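Use these hints to put chain V onto chain F, whose structure you have.
Here the protein sequences line up with chains F and V, keeping their order.
Quick note: the first sequence uses our numbering, first residue 25, plus one each step.
Quick note: the second sequence uses our numbering, first residue 88, plus one each step.
Be a bit skeptical, because a hint or two may be false.
Beyond 10 Å from chain F on every Cβ pair, some chain V residues (computed) [to be verified]: (1) Pro133; (2) Ala160; (3) Met212; (4) Arg265; (5) Glu266; (6) Glu288; (7) Asp338; (8) Asn346; (9) Asn347; (10) Glu358; (11) Glu403; (12) Lys404; (13) Cys438; (14) Lys445; (15) Val450; (16) Glu454.
Here are the simulated DSSO-like cross-link-like pairs (lysine-lysine), alpha carbons at most 27 Å apart as the crow flies [said to hold, decoys possible]: (17) Lys348(V) <-> Lys283(V); (18) Lys89(F) <-> Lys283(V); (19) Lys267(V) <-> Lys89(F); (20) Lys93(V) <-> Lys54(F).
Bear in mind the hints are in silico, worked out from the structure with no lab data behind them.
All of these numbers come straight from a predicted model, not from anything done at the bench.
Idealized CB from N, CA, C, for every residue including glycine.
What follows is each chain in one-letter form.
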Amino acid sequence: MSKQLELRLSGSGGQGLITAGIILAEAALKDNMNAIQTQSYGPEARGGASKAEVIISDAAIDFPKVTLPTMTLALTQIASDKYIGDISEEGTIIVDDTIQLPEGIKAKNIYKIPIIKTAVSEVGKEIVANIVALGLIVGLTGIVSEESLEQAIMSRIPKGTEDLNRLALKKGYELAKNI
Amino acid sequence: MARKVKFLQGNEACVEGALMAGMTFYSGYPITPSTEIAELSAEGLPRIGGKFIQMEDEIAGIAAAIGASLTGAKAMTATSGPGFSLKQENIGYAALTEVPVVIVNVQRGGPSTGLPTAPGQGDLMQAMWGTHGDHPVICLTPDSVKETFDLTIRAFNLAEKYRTPVILLTDEITGHMREKIEIPDQSEIEIYNRIKPTLGEDYKAYKVYDGDIVPKMADFGSGFRYHVTGLMHDETGFPSNSTKNAAVLMDRLMAKIENNKEDIITYEEIETADAEYLIVAYGGTARTAKAAIKTLRAEGIKVGLFRPITVWPFPEKQVVELSEKVKDVLVAELNYGQMKLEVERVVKGNCPVRFCGKANGEVLTPEELIRKFKEVL
Numbered sequence: 025m026s027k028q029l030e031l032r033l034s035g036s037g038g039q040g041l042i043t044a045g046i047i048l049a050e051a052a053l054k055d056n057m058n059a060i061q062t063q064s065y066g067p068e069a070r071g072g073a074s075k076a077e078v079i080i081s082d083a084a085i086d087f088p089k090v091t092l093p094t095m096t097l098a099l100t101q102i103a104s105d106k107y108i109g110d111i112s113e114e115g116t117i118i119v120d121d122t123i124q125l126p127e128g129i130k131a132k133n134i135y136k137i138p139i140i141k142t143a144v145s146e147v148g149k150e151i152v153a154n155i156v157a158l159g160l161i162v163g164l165t166g167i168v169s170e171e172s173l174e175q176a177i178m179s180r181i182p183k184g185t186e187d188l189n190r191l192a193l194k195k196g197y198e199l200a201k202n203i
Numbered sequence: 088m089a090r091k092v093k094f095l096q097g098n099e100a101c102v103e104g105a106l107m108a109g110m111t112f113y114s115g116y117p118i119t120p121s122t123e124i125a126e127l128s129a130e131g132l133p134r135i136g137g138k139f140i141q142m143e144d145e146i147a148g149i150a151a152a153i154g155a156s157l158t159g160a161k162a163m164t165a166t167s168g169p170g171f172s173l174k175q176e177n178i179g180y181a182a183l184t185e186v187p188v189v190i191v192n193v194q195r196g197g198p199s200t201g202l203p204t205a206p207g208q209g210d211l212m213q214a215m216w217g218t219h220g221d222h223p224v225i226c227l228t229p230d231s232v233k234e235t236f237d238l239t240i241r242a243f244n245l246a247e248k249y250r251t252p253v254i255l256l257t258d259e260i261t262g263h264m265r266e267k268i269e270i271p272d273q274s275e276i277e278i279y280n281r282i283k284p285t286l287g288e289d290y291k292a293y294k295v296y297d298g299d300i301v302p303k304m305a306d307f308g309s310g311f312r313y314h315v316t317g318l319m320h321d322e323t324g325f326p327s328n329s330t331k332n333a334a335v336l337m338d339r340l341m342a343k344i345e346n347n348k349e350d351i352i353t354y355e356e357i358e359t360a361d362a363e364y365l366i367v368a369y370g371g372t373a374r375t376a377k378a379a380i381k382t383l384r385a386e387g388i389k390v391g392l393f394r395p396i397t398v399w400p401f402p403e404k405q406v407v408e409l410s411e412k413v414k415d416v417l418v419a420e421l422n423y424g425q426m427k428l429e430v431e432r433v434v435k436g437n438c439p440v441r442f443c444g445k446a447n448g449e450v451l452t453p454e455e456l457i458r459k460f461k462e463v464l
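Same shape as in the complex, but just chain F (with noise of 0.2 Å):
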C-alpha cells in the first residue's frame, strides 16, 4: 500500500503556507518519496484566501494537483469558508481553533486546534503558526520522519531563527500528541 497524502493548507498570503508546502515536500525527498507542491497565483493569492497544495507519495505522482484532499488545513475564517468543504471522506480537516466551521460538515476527523494561540503564547511569534502546523500535521499522520522535518525547515528558514523555528515544531508535536 502506497503511502499518500494529498494535502490542501489554506490561509493568508504572508502566513507562510506556500513556505510550509515546500517544507515539507522537501522533507518527504529527503525520506525518499515522491512530492509535488502547487499554490494558487495572483489576486487570488494576495490576502483573501491563498492555498498550498501538496502530494506525497510512495509511487511516481502522475496528475500534479490536489482534487479532493485527505487533509485541509485553514488558518484563516476566509480561507476555511473558500476551501474546507472539499475534503474525501476519509479525510481529516484541521482548523484554528478560533474559525466557525460550517453546519453539517463531513470528515473522519474534524479537528480545531490553537494553532495561532500556541504560535503567539508558547513560542513568542505568530510568524512560526507555519511550523507549529507542520509539527502537527506531521505529528498526526508520521507521513515524513522528524528528522528529515527538522532538516527541510532548517534549510528553508532565515539565519538566526533556527531556535524560535526548533520550539515551533516541538509545539506542533505536543498538539499533536494531546489530541
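For chain V alone, coordinates are given in the frame of chain F:
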C-alpha cells in the same frame, strides 16, 4: 560526477538547464506565468559573466536576444501568450536570418491578456503559424520539471545545430509546479555549439559548405564581414530579388528541418504495444492522461498514450502507425482542439478522432478525461 537533487518549479528548472546549456544572454519582458525565468536569469547570468537585460517590451526582448546570438552568445527570451504574439515578427526574422535563439512560452489562458495565472495550451498553432511566411519551426513541450530542464538544453542544442529559433512551449502547470529533479553534473550533459568559420576572406555567411547542415556562423564583430537582412538574400547575406535565389534559400530553410525530422522529433509512448484505444496528450495535460491511463488499465481497458515531446515538426509517422492499430484516438488538450486538427490531418480517417478539452483556465482532471474516454466503449 556531482548530481544534485533539488525541488524546483518548471520555470526554475528551465533556467538551470539554460545555464548548463551555455546561455550567456537573456533579454525579455517579464510576464506571468513565466516571470521566474526572467528573475532567475537575472540572478544567475551576472555570476557567470553573462548579461541579463530587461527590455522595454517583448518585441525588444527577442530582438536583443537575436542580436546577442549574432555576436556568438547563446541567448534566450521567455514570455507567455500576449508576449508570444508580440515576438512573432522577430521569430520570422530569426528563421530567415538563421540566428539560433530560444523562445520560451509558458502558456496561460488566452486570448488577449486572458487568464494570467491559469494554464492553457492555446498557443500550439501560433507556435507553428504565428509568424508570416513559410518557415521552419522546432517546438518542444515538456510534461515535468525534469523534462523542462532537459528540453531547455535540447532547445539550445537544436537552435545551434540547425541555426533556427527553437520554441520551448510549456504551460502554467509544468511552469509553476514544484517536483523533484536530479540535476546531472555538467560533464554528463551533451552540448552542441554552432560551427564557426576559419576560412578567412573566402567566407560566405550564407553558403553551406560540404558536409554541413547549415552555413558556418561567424561571431559578428570577430573580423568576418557580412550582412544580415530579413530580405531574401544570397550566399553573401546581401539582399537579392532573384526568384531563382529565393527558391534556393526557401528550399534550403525548409529542408534543413524536414530532412532531419528523425533527429528532431522525440515522443513518449506508454502502454501502446497492445493498445486498442489511444489518448494523445502533451505538456501539462499529459500528466492528466498518464493518471487516467493507469486507472483505465486497472479496469482492464487496453488504452495507451502517445505524447509528442517535439510538437513541431509534428510526429506524423508515429501517429499514423498507431492510428492503423487502434479503434479510436482521443486528443486531450487545454484549448478547443488545436492538436486534434493535426491528428485528424495525419490520421486521414484510419480511425475516429475525438476531442477532450477546455479553455477556462482549469486543468483537465483524470476523472473528466476518463468520463470522455468511456463514451467510446
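Hint-by-hint comparison with the structure:
With a least beta-carbon separation of about 24 Å from chain F, Pro133(V) lies farther than 10 Å from that chain, consistent with its non-interface assignment. Against chain F, the non-interface label of Ala160(V) holds: every CB pair exceeds 10 Å, the least being about 32 Å. In this structure Met212(V) is separated from chain F by more than 10 Å, as the shortest Cβ-Cβ distance comes to about 25 Å. Chain F draws Arg265(V) into its interface by the beta-carbon criterion, the shortest separation being 4 Å against a cut-off of 10 Å.
Non-interface call for Glu266(V) relative to chain F: violated, since the shortest CB-CB distance, roughly 5 Å, does not exceed 10 Å. Against chain F, the non-interface label of Glu288(V) holds: every CB pair exceeds 10 Å, the least being about 56 Å. No beta-carbon of chain F comes within 10 Å of the beta-carbon of Asp338(V); the shortest separation is about 43 Å. Look at Asn346(V): its CB is around 36 Å from the nearest CB on chain F, clear of 10 Å, so calling it non-interface holds up.
The claim that Asn347(V) is not at the interface with chain F holds, since no C-beta of that chain comes within 10 Å of its own (minimum 32 Å). For Glu358(V), the non-interface assignment is confirmed: its Cβ lies about 13 Å from the closest Cβ of chain F, beyond the 10 Å cut-off. Against the 10 Å criterion, Glu403(V) stays outside the reach of chain F, whose nearest CB is about 27 Å from its own CB. Chain F leaves Lys404(V) outside its interface by the beta-carbon criterion, the shortest separation being 27 Å against a cut-off of 10 Å.
Non-interface call for Cys438(V) relative to chain F: holds, since the shortest CB-CB distance, roughly 25 Å, exceeds 10 Å. Residue-level check passed: Lys445(V) sits 14 Å from the nearest beta carbon of chain F, beyond 10 Å. Interface exclusion of Val450(V) from chain F breaks down, the closest Cβ pair being 6 Å apart, not more than 10 Å. The Cβ of Glu454(V) sits about 7 Å from the closest Cβ of chain F, inside the 10 Å cut-off, so the non-interface label is violated.
For a cut-off of 27 Å, the pair hint linking Lys348(V) to Lys283(V) stands: about 24 Å separates their Cα positions. Using a Cα cut-off of 27 Å, the hinted pair Lys89(F) and Lys283(V) is violated, with the two alpha carbons roughly 46 Å apart. Restraint check for Lys267(V) and Lys89(F): satisfied, since their Cα atoms lie roughly 15 Å apart, inside the 27 Å limit. Straight-line distance between C-alpha atoms of Lys93(V) and Lys54(F) comes to about 10 Å, which keeps the hinted pair within the 27 Å bound.
In this structure, the hints that do not hold are numbers 4, 5, 15, 16 and 18, in rising order.
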